[in-house]
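Novice: Given next are the chains, with one letter for each unit.
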Amino acid sequence: MMIEVRNLKKRFGSLPVLQGVNFSIEKGEAISIIGVSGGGKSVLLKHLVGLINPDAGEVFIDGQNIAGLSERELLPVRRKFGMLFQGAALFDSMTVEENVAFILNRERKTSPEDIARRVEEVLDLVGLNGIQKQKPAELSGGMRKRVGLARAVIYHPEILLYDEPTTGLDPIASDTIDRLIIRVVQKLQVTSIAVTHDMRSARRIGQRILMLHEGRIYADQKPEDLFKSKDPVIYRFVNGISELKKDDEL
Amino acid sequence: MTSFAKQQVREWFDGVGRGAILCGEIASSLFRAKVAWRDVLYQMYFIGVKSQSVVAITGAFTGMVLCAQTAFQFHKVKMDTATLAVVSVGMGSELGPVLTGLMVAGRVGAAIAAELGTMRVTEQIDALRTLATHPIDYLVVPRFLATLLVMPLLTAESVCLGILAAYIVAVFLLGINPTYLWYNMLHYTHTNDMLTGMIKTFIFGAIVAVIACDKGLNCPQGAEGVGRATTEAVVYSSITILISNFFLTMLLQRLLP
Numbered sequence: 065m066m067i068e069v070r071n072l073k074k075r076f077g078s079l080p081v082l083q084g085v086n087f088s089i090e091k092g093e094a095i096s097i098i099g100v101s102g103g104g105k106s107v108l109l110k111h112l113v114g115l116i117n118p119d120a121g122e123v124f125i126d127g128q129n130i131a132g133l134s135e136r137e138l139l140p141v142r143r144k145f146g147m148l149f150q151g152a153a154l155f156d157s158m159t160v161e162e163n164v165a166f167i168l169n170r171e172r173k174t175s176p177e178d179i180a181r182r183v184e185e186v187l188d189l190v191g192l193n194g195i196q197k198q199k200p201a202e203l204s205g206g207m208r209k210r211v212g213l214a215r216a217v218i219y220h221p222e223i224l225l226y227d228e229p230t231t232g233l234d235p236i237a238s239d240t241i242d243r244l245i246i247r248v249v250q251k252l253q254v255t256s257i258a259v260t261h262d263m264r265s266a267r268r269i270g271q272r273i274l275m276l277h278e279g280r281i282y283a284d285q286k287p288e289d290l291f292k293s294k295d296p297v298i299y300r301f302v303n304g305i306s307e308l309k310k311d312d313e314l
Numbered sequence: 089m090t091s092f093a094k095q096q097v098r099e100w101f102d103g104v105g106r107g108a109i110l111c112g113e114i115a116s117s118l119f120r121a122k123v124a125w126r127d128v129l130y131q132m133y134f135i136g137v138k139s140q141s142v143v144a145i146t147g148a149f150t151g152m153v154l155c156a157q158t159a160f161q162f163h164k165v166k167m168d169t170a171t172l173a174v175v176s177v178g179m180g181s182e183l184g185p186v187l188t189g190l191m192v193a194g195r196v197g198a199a200i201a202a203e204l205g206t207m208r209v210t211e212q213i214d215a216l217r218t219l220a221t222h223p224i225d226y227l228v229v230p231r232f233l234a235t236l237l238v239m240p241l242l243t244a245e246s247v248c249l250g251i252l253a254a255y256i257v258a259v260f261l262l263g264i265n266p267t268y269l270w271y272n273m274l275h276y277t278h279t280n281d282m283l284t285g286m287i288k289t290f291i292f293g294a295i296v297a298v299i300a301c302d303k304g305l306n307c308p309q310g311a312e313g314v315g316r317a318t319t320e321a322v323v324y325s326s327i328t329i330l331i332s333n334f335f336l337t338m339l340l341q342r343l344l345p
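Line by line, the protein sequences are chains H and S.
Just so we're aligned, residue 65 is where the first sequence starts under this note's numbering, counting upward by one.
Just so we're aligned, residue 89 is where the second sequence starts under this note's numbering, counting upward by one.
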């Protein structure tokens, strides 16, 4: 088991966000996590990489429980992860090249020539080779996310996390990101977890979909089963219906 | 105690606790992680070189006004030639470090808090953490070391310019005899006066860096949060410098009489 979450609980002040989340993910699986906005999807994702400490419960990564580890103890665990943030979170004081090569420059184990070559490779993978010298402020939202993805994959992580990868993008840019994620997962053979409320995206990216509802995993199904589900909660969410009327056919 | 006062006290203790934890983390990072000296050098340029004009102007004009005011009072008791000695001791042990500390708190403390605060609200600090980089190692330690290293240099510059400007005012504007003025300054200014100032400025540098980094790293969400963190960094650093200066003066007077 690559990732296992047991009875994860988290509250912010008086607001309970996660109320006992349980699931597990095998190596190489591609998972989509769906749920309403503000329902705790991003909070759940951040628990997996230790960005947030749980109030209770356990998060196992490759058999190691990371709940309660110190920031310094988490560093080697995080080396297994690559994460694409909702707003890409590129370092705005650096060029695209410096952003993408950040971890390699920090580790100082790779020669500058090799770093330049690897930056070129990953920018090629995301279709943005040639923009190495540009600053993040000069890029569009879609381009920023693609650079964020390049930064996340350059050091060949075992697990890729995507936080709302298509939010705020037009349908064509969303399609590009979806295809890119699928290509990256296939090419690099990584375990991938995407948090999204974009149903089209969730269906395309995920081999399995987890639905977070009221702080718990409400459904854990294959996309084809989930989208055919007659369960009112799932049906309303995947079809974007705010309130079920009597004549709505389930 | 009213609930407002209780909240203020709680916030104050929270801040002190966070500052202490941050100091511990900085110490741990200095022992356990490699210091990125290139980043320290860059920060020294930003904090030191870029602060020179403001520190120089502050030092020079403070020296000038201190000289003029001292000379006006000393003239009444025919002690004009002791003016530069007062300026030298005052600038070296009190005004130089305090005013440099306040200027650096305003310019550098605000910049550090705003930069780290923006990084926090745009998830850049979380991105750093996912890239297996400790924010203390990468963001805080270089700024802390750079502030610590440049503060004595900036203070020395401010004190020298203050004395020089005071000398010019005393000799060329007020017509005080330069030989006695210079002799008295050397006679009444002791190494310990300057050492006191240097020790203080070192501590003020640490205060500015720790408070600014703490405010930035714990910045509330949104543009308002960044603005508040920046203001608090400047206000709290300035107040802490002023309060600690009194206690440091009393302590150092005993240690370095």
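Do not rely on the hints blindly, as some may be mistaken.
No more than 20 Å apart at the CA atoms, straight line, and that leaves these computed lysine to aspartate or glutamate pairs for EDC-like [as the list claims (entries may be wrong)]:
no. : chain 1 : residue 1 : chain 2 : residue 2
1   : H       : Lys173    : S       : Glu320
2   : S       : Lys122    : H       : Glu184
3   : H       : Lys251    : H       : Glu171
4   : H       : Lys144    : H       : Glu202
5   : H       : Lys199    : H       : Glu135
6   : H       : Lys144    : S       : Glu320
7   : H       : Lys197    : H       : Glu162
8   : H       : Lys286    : H       : Glu90
9   : S       : Lys122    : H       : Glu278
10  : S       : Lys94     : S       : Glu320
11  : H       : Lys73     : H       : Asp295
12  : H       : Lys173    : H       : Asp156
13  : H       : Lys294    : H       : Glu278
14  : H       : Lys197    : H       : Asp156
15  : S       : Lys122    : H       : Glu90
A few chain S residues that don't get close to chain H, going by computed Cβ distances all over 10 Å [to be verified]:
no. : residue
16  : Glu99
17  : Ala115
18  : Ser116
19  : Val123
20  : Met207
21  : Arg217
22  : Leu219
23  : Ala220
24  : Thr221
25  : Ile224
26  : His275
27  : Phe334
Hints were generated in silico from the structure; no laboratory data involved.
By construction, the Cβ of each residue, glycine as well, lies at the ideal position given by its N, Cα and C atoms.
Novice: What are the numbers of the hints the structure violates, in ascending order?
Specialist: 1, 2, 3, 4, 5, 6, 9, 11, 12, 15, 18, 20, 21, 22, 23, 24, 25
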